[in-house]
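One letter stands for each residue in the lines below.
Protein chains: 2
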Amino acid sequence: MSERRNQILEAAVRVIAQDGVRGLRVDKLAAAAGVSTALIYYHFKDRAGILSAALEHVNHRAQTYTEPDGLDGRERIEAILLRELQGDEHVRETSIAWGELRASAAFDPGLRAPLRATTEAWSADIEALIRAARDTGACASGVDAADSAERLTALVEGLSERWHSGSLTLERARELLSGAIALELGP
Amino acid sequence: MSERRNQILEAAVRVIAQDGVRGLRVDKLAAAAGVSTALIYYHFKDRAGILSAALEHVNHRAQTYTEPDGLDGRERIEAILLRELQGDEHVRETSIAWGELRASAAFDPGLRAPLRATTEAWSADIEALIRAARDTGACASGVDAADSAERLTALVEGLSERWHSGSLTLERARELLSGAIALELGP
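These protein sequence lines are chains F and P, in that order. If you're matching positions, the first sequence starts at 1 in the numbering used here and goes up one per residue. If you're matching positions, the second sequence starts at 188 in the numbering used here and goes up one per residue.
In case anyone wonders, no lab produced these hints; they're calculated from the structure. Be aware that a few hints might be false.
Ranges between beta-carbon positions, derived for each pair [what the hints assert, rightly or not]:
| no. | chain 1 | residue 1 | chain 2 | residue 2 | range |
| --- | --- | --- | --- | --- | --- |
| 1 | F | Q18 | P | K232 | 21 to 29 Å |
| 2 | P | Y252 | F | A124 | 31 to 39 Å |
| 3 | P | A300 | F | E175 | 20 to 28 Å |
| 4 | F | L170 | P | A300 | 13 to 21 Å |
| 5 | P | A308 | F | L170 | 16 to 24 Å |
| 6 | P | G236 | F | A113 | 36 to 44 Å |
| 7 | P | N193 | F | H90 | 40 to 48 Å |
| 8 | F | R14 | P | K232 | 29 to 37 Å |
| 9 | F | G49 | P | G366 | 32 to 40 Å |
Stretch by stretch, here's where chain P covers chain F in the computed footprint (C-beta under 8 Å, at least three residues) [unchecked claim]:
| no. | region |
| --- | --- |
| 10 | 98-108 |
| 11 | 112-122 |
| 12 | 146-159 |
Note that CB positions come from ideal geometry on N, CA and C, so glycine has one too.
Only chain F is shown next, with the shape it has when bound in the complex:
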């Protein structure tokens, strides 16, 4: 990815996390990224192009901080999911932007297809890990990997939104998610 393109997408995530998708105007994004609006149109064509690239970028950011080097099996699943809930500013910003893109898709049909593809890829990754852990005996043998993956990722989203909206502390959200993983994957 070009340096300038990356710089614009980093600014887009920041603006979305601060003011919401509906606060994302191209002139504001240009100011936040320190580039011209023309350069933004050159890279992303229009506002829909910005949003769909921003969604991909949010997903890419989350993948970098959830990747647990050196962990395997069940510990790997736990780490990947729990790392979605961290207090540092980079994670919080990424998570708020994701939740806001999710919520905006109820009003912006253009966001739905890319969001669905990204959600399915996320669930499929977790499902593959659960299936592998089950096959090596690290999870209970009766676990339905697809159901568990879809529920756990949906719960990550539900808990994240409660965290960002001030209904839940980060510690409590992590504790509840840990409990869900234990229930889903069995003793």
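For this one, chain F is given, so just place chain P on it according to the hints.
For chain P alone, coordinates are given in the frame of chain F:
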């Protein structure tokens, strides 16, 4: 509640479900409710007053359609939670408005306290039902009623947002929620 006040709040839920909290302007709400802006200010003082009353109204609407007459114990818990996910327009509108109020609270600090109180009351209701079911042997004896209630209600929200954003069908969301209830409450 006065007839006029109710009429304004019904219109507010409709406008929020169609255009989002950030699309809710007082003049637009007045037009949707068929009343003057002065009457809206008389009842709700300002925009923050409208939003906090709308939140309460959304909660009240959800309570009316989730109340399962005549059911008891575990069946009552299942029915209350699953009735959050129904295809008819009234439920869908209420659920979209709730998700939008939740998401907006990340950007609107004034929404956080009422949202937190409403969320805690919802969880406490489910927790009391789980505790009662556990005490009569309708749930596994090891169930942590508070944790299960908080997780199940957060999952309802996470699944609802996926449904409204087109990442999940209503049927699949209900199936996943049923599975979570079975896991949380035990065999």
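Here is how each hint holds up against the structure:
no.: 1; hint: F:Q18 to P:K232: 21 to 29 Å; verdict: holds (27 Å)
no.: 2; hint: P:Y252 to F:A124: 31 to 39 Å; verdict: holds (34 Å)
no.: 3; hint: P:A300 to F:E175: 20 to 28 Å; verdict: holds (23 Å)
no.: 4; hint: F:L170 to P:A300: 13 to 21 Å; verdict: holds (18 Å)
no.: 5; hint: P:A308 to F:L170: 16 to 24 Å; verdict: holds (22 Å)
no.: 6; hint: P:G236 to F:A113: 36 to 44 Å; verdict: holds (38 Å)
no.: 7; hint: P:N193 to F:H90: 40 to 48 Å; verdict: holds (45 Å)
no.: 8; hint: F:R14 to P:K232: 29 to 37 Å; verdict: holds (34 Å)
no.: 9; hint: F:G49 to P:G366: 32 to 40 Å; verdict: holds (38 Å)
no.: 10; hint: 98-108; verdict: holds (count 8)
no.: 11; hint: 112-122; verdict: holds (count 6)
no.: 12; hint: 146-159; verdict: holds (count 9)
Of the numbered hints stated above, none is contradicted by the structure.
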